[in-house]
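Please take these sequences and the hints and turn them into a complete structure.
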Amino acid sequence: MKAFCLYPTLRPACQPETGPHGGRRALLFCSRLLSFTLRRVFSSATPDFILVNGRHAAAVSLPRARRAKPDLTTTFQPTVMKFGGTSVEDARAFGRVAELVSRHTASRPVVVVSAMSRVTDALLEAFEAATRGEHEAALRSLEVHFERHVAIARELLTAEAAAEFGATVEAARRELEGALREASGQTRPLPLLQDSVVSCGEQLSSQLLAAVLRARGLKASHADARRCVITDDEHGRATPLREETERHTRELLEPLIDEGGIPVLGGFIASSAATGETTTLGRGGSDFTAGLVGAALRAREIQIWTDVPGVLTADPRVVKDVRTIPRLSYAEAAELAYFGAKVLHPKTILPAVVRNVPVRICNSRAPASPDTVVYFDAEMTPRTVKAIAHKTGVSIVHVTSARMLGEYGFLRAIFEVFERHRTAVDIVTTSEVSVSLSLEDTSALGPIIEDLSRIAAVKVESERAIVCIVGEGLRSTPGIAGRVFSTIKDINVLLISQGASTVNLTFVVEERHAAEAVRRLHEAFFECATAELLAQIGGH
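Following this note's numbering, the numbering of the sequence shown begins with 10 at its first residue and continues without gaps.
Fair warning: there could be bad hints in the mix.
Unchecked claim - Restricting the straight-line Cα-Cα distance to at most 27 Å, the calculated cross-link-like pairs of lysine-lysine (DSS-like) are: (1) 498 with 468; (2) 329 with 468; (3) 351 with 329.
Read the hints as simulated data drawn from the structure, not as lab findings.
Rendered as structure tokens:
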């Protein structure tokens with residue numbers, strides 16, 4: 010079987026040979042992949058991806074695996090520990106992170122950290138103000154956040170180390186002042202300047218955390234993530250170039266690890282292969298950085314430290330009696346991440362799949378609490394349904410044309426519109442003369458409707474929500490769909506999608522009904538099921 014791969018970030022997965030467990034790998038991609046998240050298709054026996062870029066779709070058959078095993082081709086086997094913004098929100102949080110890292114020194118940690126909470130939003134707001142000509146006010150608005158960093162340094166570091174970090178903050182302030190002034194005058198491309206501004210949060214938090222770890226006696230050093238993660242030059246949501254990223258990451262970090270050091274990197278930030286300018290990976294990009302670094306170093310596992318106990322069976326803001334899911338397959342985790350489980354960014358999954366690295370989601374505020382481990386192929390459990398995810402703020406685009414009847418290339422023409430406007434599609438359903446698609450990103454909806462209207466009639470429905478039932482074996486388990494829709498029989502279902510994936514059943518409802526649907530489904534599949542099991546145990 011030949012393997013063709015025109016998408017550089019997936020090239021390491023391309024293997025023309027039979028895989029070690031009998032599966033065969035084959036990749037066929039168009040020259041540019043618009044969105045990994047359009048559809049993922051797995052089965053427990055032969056996991057597949059369907060990756061759609063608006064013009065072509067291709068199945069990726071990954072090798073069969075009973076359970077993720079470490080890659081023994083390297084002696085390093087570090088553990089990547091990623092900490093989110095709420096895990097480094099103040100001095101106490103930095104102290105907790107330092108304690109967690111110190112407990113993992115034997116596993117050769119590599120630390121990836123987000124900007125402190127609220128800093129990225131503040132930087133974006135400052136940039137927007139600067140583009141309106143208010144660069145001086147924009148810089149003043151950031152002073153409170155500069156002071157937050159300096160105050161933590163004074164509390165946790167020696168006077169000498171705090172002064173050194175204070176100089177780092179002052180240098181960052183000067184750089185930001187220059188970038189904001191340029192944004193005000195629009196002397197350089199605004200997307201480039203925005204990346205330069207928003208990257209400051211991760212640069213400061215990673216340097217501060219490295220200093221805090223050194224103050225605890227650990228051999229930590231700051232490593233500039235822009236020297237590791239190499240991307241194209243699409244500012245704001247750059248695409249990593251996997252071969253270059255793996256090579257640069259190993260060249261920079263492996264010597265540090267080999268010497269017993271602890272590299273500390275800022276997540277989210279990268280650099281363009283073409284220009285060397287700072288790029289960013291988009292929101293949630295710090296998780297992506299952890300996945301890329303873990304894959305490059307063949308890590309024993311990637312740990313995502315956040316403020317919740319692992320991946321939960323539903324959104325705790327909607328359902329009270331949620332539980333931590335102990336084990337998930339990559340397929341299940343990818344679906345949950347994309348359809349609303351904010352604890353894990355969907356892009357984290359792809360690098361882990363390529364290198365078969367387990368991903369563990371932990372609670373930095375309660376390290377002893379239950380966590381979730383994501384494996385290549387998690388063991389099947391008696392509970393088919395693992396979680397109920399949902400996503401609000403969705404719009405449905407209905408495209409109708411009699412030209413669809415028997416005409417080649419009509420669907421391609423539709424998806425080319427979304428590719429042209431770089432907008433990912435969540436759900437797609439088709440009939441003889443119509444296509445319905447769900448979108449979360451509506452920033453380009455106006456131009457999309459204008460382009461689609463040239464080839465078909467277009468109708469848009471807003472204030473919709475996606476509800477997703479996730480679990481291995483859903484498609485092969487009789488009665489699941491019946492139980493789902495009988496549970497919400499008085500809630501109008503607008504779209505249904507099942508069959509493309511073996512691990513999810515997805516449908517769309519009006520946004521105002523989403524929370525009630527999730528609560529009922531969670532009660533039906535988790536709370537009632539638990540009560541029935543306890544009754545059975547008590548009866549024996």
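Hints violated by the structure (listed by number, smallest first):
2
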